[in-house]
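2 protein chains.
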Amino acid sequence: MGAATVTSGLIGRLKDIVGAQGWLAEAPELEPYVLDQRGWYRGHTPLVVRPATVAEVSAVVRACAEARVGIVPQGGNTGLVGGAVPEGQILLSTARLKRIREVDPVDFTATVEAGCVLADVQAAAAEAGLLFPLSLAAEGSCEIGGNLSTNAGGTAVLRYGNARELVLGLEVVLADGTIWNGLRRLRKDNTGYDLKQLFLGSEGTLGIITAAVLKLFPRPRHVRTAFVAVTSPEAAVRLLGRCRAASGDGVTTFEYMDRTSLELVLEHIPDTRDPLGERHAHHVLLELTSSRERDDLESLLEAALEGGYEAGYVVDAAIATSEARSRELWRLRESIPEAERVAGAGIKHDISVPIARVPEFLERAREAVLRELPDALVVAFGHLGDGNIHFNLNQPPGMTRDAFMAHMPGINRTVMDIAVEMEGSFSAEHGVGRLKRADLERYKSPVEVELMRTLKRAFDPEDILNPGKVI
Amino acid sequence: MGAATVTSGLIGRLKDIVGAQGWLAEAPELEPYVLDQRGWYRGHTPLVVRPATVAEVSAVVRACAEARVGIVPQGGNTGLVGGAVPEGQILLSTARLKRIREVDPVDFTATVEAGCVLADVQAAAAEAGLLFPLSLAAEGSCEIGGNLSTNAGGTAVLRYGNARELVLGLEVVLADGTIWNGLRRLRKDNTGYDLKQLFLGSEGTLGIITAAVLKLFPRPRHVRTAFVAVTSPEAAVRLLGRCRAASGDGVTTFEYMDRTSLELVLEHIPDTRDPLGERHAHHVLLELTSSRERDDLESLLEAALEGGYEAGYVVDAAIATSEARSRELWRLRESIPEAERVAGAGIKHDISVPIARVPEFLERAREAVLRELPDALVVAFGHLGDGNIHFNLNQPPGMTRDAFMAHMPGINRTVMDIAVEMEGSFSAEHGVGRLKRADLERYKSPVEVELMRTLKRAFDPEDILNPGKVI
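Residue numbers (the numbering used here), protein chains in the order written: chain A, 369 to 839; chain V, 369 to 839.
Calculated directly from the structure, the hints in this document are not laboratory data. Nothing here was measured: the structure is a model prediction, and the numbers come from that model. Hints may contain errors.
Copies of the same chain look alike in the list, so a pair counts if it works inside one copy or between any two.
[Unchecked claim] In silico SDA-like links for lysine to any residue, alpha-carbon gap of 20 Å or less:
1) Lys812 <-> Leu563
2) Lys812 <-> Thr546
3) Lys716 <-> Thr782
4) Lys466 <-> Glu507
5) Lys812 <-> Gly545
Bound-form chain A, shown alone:
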């Protein structure tokens, strides 16, 4: 399992490959690499290597493969499932592979190295007058290599797809150190198996992504954000269909927030206020964008909401009339995790179900968890437009953190069981890593688990790449 002893000979060889600037071995320097961002996993490693070129990555992997020692690739270390935490293996940080090799405004592509911070990729696209649409909370520190190897989601999936769909080509170092140069920037290429798909979303277990050709898009010139009260989750789903049709598929964001998640924000986050006059039980934050030169999203949005109001499923709405006002609305949604944290301990989920079944999921899951923990605060919000709900429980008043968290395994099981029963997923966007490896075995069919094992054996027979993760 890539768990052969790391000899001083190998350590020396790796240090030589990456040079004096390319490694760290002292405990305090290692700290940011061995602890995951939530502090749930503390790993250990004898050596962090920080190769500066793909040739160095290749040489590092080759040396480790020859010694049968495992490697854990790590980008910005912002993952939520412990996928980048080493357990004695060599840690390979992609942070120094940070060149933006090319931005081509005619081809609408950017060729970037794995260690580029997502925000820098976005900025490079913007500088060329274009958009790289991947956007998520960690964008100031996560790296594009990590985004691609985990098939990151975020707030623009509804319109632009997951990270996987934003890639035209990849450069990858394979388990024996071979470099596969698949850095194509073609929109069409039907010449055999689409190998890049193997490495996208496989969390570094089949190969290490060192560079990618990304798709860029025309930059949005018009944005309209609305905060809408609807009568029920069903009403929210109905509004989504209406907005998609009315806007010509211009809905970029469609986020659900229940009353509790809004209340938590209003209570714990300074300078926030309910944008609507009265209390409502269900809300949607929605955003339309358009890259047309001239457009009138406001009338379009008003007409869509008006229709929902007349049909009785939209109750009230606030449309942001300035960028500052739009940012205020977004802040309500983006502050939920922070508000949850301030309010107490949380038991969290990242499930998805078919969009049409979100209302049924919310009802069944709420009922089931309240049977187990009648006083818990259910906090339900998330990317309704993708069927991806963060169905969370917060520590009830009068229960200690430890007593509450003792329920986590049972509650997790209950919620995931319901999602999977409803044709859903136990991990919509955060991946598997270490945290959900047992869930994968539990929820996937034996056929599917065996297919995954077949792939892993074929591409990494010695289990060198991120051993112990995913499968």
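Given chain A, put chain V in place with the hints provided.
Positioned in the frame of chain A, the structure of chain V alone reads:
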């Protein structure tokens, strides 16, 4: 190589599995299954099975796997590279797997069986008020299973992507007969390797697709088609960028046609006329669509063209003001293959290069082939918006068909060499099949060929599935 002798025992077992309505073994009945649509390949098979359920497909594959006899899956048999032609193997037709299992207008999905004809899938989506955007010349007879296993392209790739991007889930029969049920309809599901990607585009060599969950989209309510004369291929590329930005990425079609391709159509296809007053060397057929309830594509298109006119790269344009007029413009583009056929023998290509390099490709390829065949008629047209050009040569006057076609291997080599040198693909949308298997070995890096072999060995170690194709 899946080439064990087919015994009468196996034949009997297969007939039992599919029942009396499910097989064909007499020569005249076999004809449509063993001859490809262009008549380039005539294969042979001892038995055509037409299973009616996935369980029957599974049992057929299991029986063949046990006997180590190869299977060639076939959909509508409209492929252009001989990928569905049997060479002594059992032929498995998906034609009876033709149920549309579900259309869900809330989830924007359709669940269909592999044997559904593409036009029927489009119609089912339209009946629900939605759009399934895959569209290509053979849509009246090709089957969705074939479209997915070849990752079909067509005329709406620019806006909606290839077939691969239109799929949420698959049901697949594996090489040993096991059924993998991956019929998920989730927009987000990061739980390990994305197995469906393996079977999409692998031309039936890794598994047989029996059903799929497809993405649907809001139906376009507005369409504007224009036939535009531009000063050069560079001008066409520039116009594409301008239209993408001006329309908010609403360009669905962007097809290039050189003068020769237009002339061929005007000469050989009845009731066609040049939509523009004067002769021009380079044309674009472009179409904008919008699914907004209210929209004004015409002003948008006029403004974009006006800008190109003022900047000097657009020379003239005709905007269709009725559906009939739009169909006339489309007919000019769609009739090119037929016009080529009437005009004489053709040497054809389906290459792609990065969009920005299409002009350079056209220049280099023209120069190179005219060096080899100075009198040949170069016919260049195709999906410029995808970088996918059909760069064809037609038989020159005064040269016999045979003398002309004797140049095919050399010309093919020349054109593909140039495309691949320019970071391009030797097969953009038609696939590999039998026709381009040697090209795959020639143009792919050894690393990539070996990765493909690794996949094939892992998923079909006995070479049961479509042996001799792709890799």
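Consistency of the hints with the structure:
1. In this homomeric assembly, lysine 812 and leucine 563 come within 20 Å of each other (Cα to Cα) only across copies, at 12 Å, whereas the closest approach inside a single copy is 23 Å.
2. Only between protomers do lysine 812 and threonine 546 lie at most 20 Å apart by alpha-carbon distance; the minimum there is 15 Å, versus 31 Å within a single protomer.
3. For the identical chains of this complex, lysine 716 and threonine 782 are intra-copy neighbours only, at 12 Å inside a copy versus 58 Å across copies, given an alpha-carbon limit of 20 Å.
4. Taking the shortest Cα distances, lysine 466 and glutamate 507 sit within 20 Å of each other inside one copy (15 Å), while across copies they are farther apart (45 Å).
5. Taking the closest pair of Cα atoms, lysine 812 and glycine 545 come within 20 Å of each other only across two copies (19 Å); inside a single copy the shortest separation is 31 Å, beyond that limit.
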